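So for the sequence shown, my numbering puts the first residue at 490; every next one is plus one.
In short, the hints are calculated from the structure, not lab data. All figures in this text were calculated on a predicted structure; none of them were measured in a lab. A portion of the hints provided could be inaccurate.
Said to hold, decoys possible - Here are the computed distance ranges between Cβ atoms for each label pair:
1) LEU505 / ARG538: 19 to 27 Å
2) GLY541 / GLY518: 20 to 28 Å
3) GLY495 / ARG571: 29 to 37 Å
4) HIS544 / VAL569: 16 to 24 Å
Note that CB positions come from ideal geometry on N, CA and C, so glycine has one too.
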Amino acid sequence: MLSLIGTIIVGGIIGLIARAIKPGDDSMGWIMTIVLGIAGSLVAGYVGRALGWYHEGQVAGWIASVVGAIVLLFIWGLVVRRRA
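All chains should be modelled from the sequences, with the hints used to inform the complete structure.
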């Protein structure tokens, strides 16, 4: 249970970092940014640990989480543009 809460908190921070790093003007709110950061953190954390690239708590996990969140922000931007 604490691991999930920690992942949510870290994912929120990761989402805000990814939003600051990713270039472009995103019109989504900060809540959606945090949700995409949480999703990116979960996906990148799961994939990285499953492939044996790193273990929980390593710096590589933070880097992978930021990259995962940036990728999700980019995909979200493409999906929203196609709708408009």
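The hints, checked one at a time:
1. LEU505 / ARG538: 19 to 27 Å: Distance hint for LEU505, ARG538 holds at roughly 23 Å.
2. GLY541 / GLY518: 20 to 28 Å: violated (36 Å)
3. GLY495 / ARG571: 29 to 37 Å: holds (35 Å)
4. HIS544 / VAL569: 16 to 24 Å: At 35 Å between Cβs, range violated.
In this structure, the hints that do not hold are numbers 2, 4, in rising order.
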